[in-house]
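All chains, full assembly: derive it from the sequences and hints.
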Amino acid sequence: MLKIDDLRVNYGGIEAVKGITFEVPERKIVTLIGANGAGKSTTLRSIAGLVKPASGRIHLQAEDLTGLSPDKIVSKGITLVPEGRHVFPDLTVLENLKIGAYLRTDSLDHDLEWVYSLFPRLKERSWQAAGTLSGGEQQMLAVGRALMSRPKLMMMDEPSLGLAPLVVKDIFSIIKKINQQGVTILLIEQNANMALHIADLAYVLETGRITLSGTGKELLSNEAVKKAYLG
Numbered sequence: 055m056l057k058i059d060d061l062r063v064n065y066g067g068i069e070a071v072k073g074i075t076f077e078v079p080e081r082k083i084v085t086l087i088g089a090n091g092a093g094k095s096t097t098l099r100s101i102a103g104l105v106k107p108a109s110g111r112i113h114l115q116a117e118d119l120t121g122l123s124p125d126k127i128v129s130k131g132i133t134l135v136p137e138g139r140h141v142f143p144d145l146t147v148l149e150n151l152k153i154g155a156y157l158r159t160d161s162l163d164h165d166l167e168w169v170y171s172l173f174p175r176l177k178e179r180s181w182q183a184a185g186t187l188s189g190g191e192q193q194m195l196a197v198g199r200a201l202m203s204r205p206k207l208m209m210m211d212e213p214s215l216g217l218a219p220l221v222v223k224d225i226f227s228i229i230k231k232i233n234q235q236g237v238t239i240l241l242i243e244q245n246a247n248m249a250l251h252i253a254d255l256a257y258v259l260e261t262g263r264i265t266l267s268g269t270g271k272e273l274l275s276n277e278a279v280k281k282a283y284l285g
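Mapping to the working numbering: the sequence shown position 5 is 59, numbers consecutive.
The hints are simulated quantities; they were obtained by calculation from the structure and are not laboratory data.
As the structure is a prediction and not an experimental result, all values here were calculated from the model.
One thing to keep in mind: the hints can contain errors.
Computed spacing ranges between beta-carbons, pair by pair [stated by the list, open to error]:
1) 216 / 269: 25 to 31 Å
2) 159 / 121: 22 to 28 Å
3) 68 / 223: 32 to 38 Å
4) 72 / 247: 24 to 30 Å
With a cut-off of at most 20 Å between alpha-carbon atoms, the simulated EDC-like pairs for lysine to aspartate or glutamate come out as follows [to be verified]:
5) 271 / 254
6) 223 / 125
7) 206 / 160
8) 177 / 163
9) 130 / 160
10) 231 / 160
11) 106 / 80
12) 231 / 80
13) 206 / 178
14) 206 / 80
15) 177 / 165
16) 130 / 178
17) 130 / 118
A virtual CB, placed ideally from N, CA and C, is assigned to each residue, including glycine.
Below is the structure:
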């Protein structure tokens with residue numbers, strides 16, 4: 055579905071991503087794992103159109119998306135759940151969800167009900183200001199907002215960051231459920247153990263380069279991965 059070919063991304067004079075090539079198959083969960091500063095977030099931000107690549111190509115279902123603006127990327131079917139959630143704190147839950155559908159002109163009712171079925175707490179709090187939600191609820195809202203654009207591919211940057219273990223378990227369960235309903239997932243996650251357990255395919259990114267790849271199960275049993283990322 056998504057093909058990244060020899061992607062290079064610079065921040066100032068620093069080459070943060072150094073010619074990576076990888077694929078995200080349709081309807082699969084793919085994870086990128088690696089230490090802080092490895093280039094994971096930069097990769098997602100370049101796919102989302104937030105950072106312009108220095109070179110390389112980004113294709114979605116054979117269509118070249120390289121260099122398109124973020125709104126065009128969303129219209130093609132790719133959405134990003136950013137690290138840190140970035141909900142609009144003074145707007146209600148419902149208003150935040152509707153912002154996720156800002157490019158749409160059709161009825162939102164069906165998708166709102168889908169999001170509420172995934173996250174019943176959001177329905178209970180639909181008229182509550184997003185800034186008053188707990189961290190876990192804000193993460194649910196960020197995911198729900200991304201789903202409102204009806205993405206083919208949803209990218210997630212550190213969805214478990216700062217959340218209690220029980221909430222993390224819930225979030226990962228929902229990620230699997232979203233994937234089972236046809237949405238392809240590209241996931242960045244510091245909790246490599248959780249990410250590899252749900253991933254169909256995984257890549258290890260180190261200092262801007264892919265150093266290992268395989269199924270989630272293969273990387274879980276890889277000694278180098280165990281030593282570096284699984285404790």
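These are the hints, each one checked on the structure:
1. 216 / 269: 25 to 31 Å: holds, 29 Å
2. 159 / 121: 22 to 28 Å: holds, 26 Å
3. 68 / 223: 32 to 38 Å: With a Cβ separation near 36 Å, residue 68 and residue 223 satisfy 32 to 38 Å, so the hint holds.
4. 72 / 247: 24 to 30 Å: Because 26 Å falls inside the window, the suggested range holds.
5. 271 / 254: holds, 8 Å
6. 223 / 125: violated, 31 Å
7. 206 / 160: holds, 17 Å
8. 177 / 163: holds, 13 Å
9. 130 / 160: Since the Cα atoms of residue 130 and residue 160 sit roughly 16 Å apart, the hinted pair holds (cutoff 20 Å).
10. 231 / 160: The given pair, whose Cα atoms are some 25 Å apart, is violated under the 20 Å limit.
11. 106 / 80: violated, 24 Å
12. 231 / 80: With a Cα-Cα distance of about 15 Å, the restraint between residue 231 and residue 80 holds, given a limit of 20 Å.
13. 206 / 178: violated, 27 Å
14. 206 / 80: Answer holds: residue 206 to residue 80 is near 9 Å, not above 20 Å.
15. 177 / 165: Cα-Cα ~12 Å, so holds.
16. 130 / 178: With Cα atoms ~31 Å apart, residue 130 and residue 178 exceed 20 Å; violated.
17. 130 / 118: Satisfied, since the Cα-Cα distance of roughly 10 Å is no more than 20 Å.
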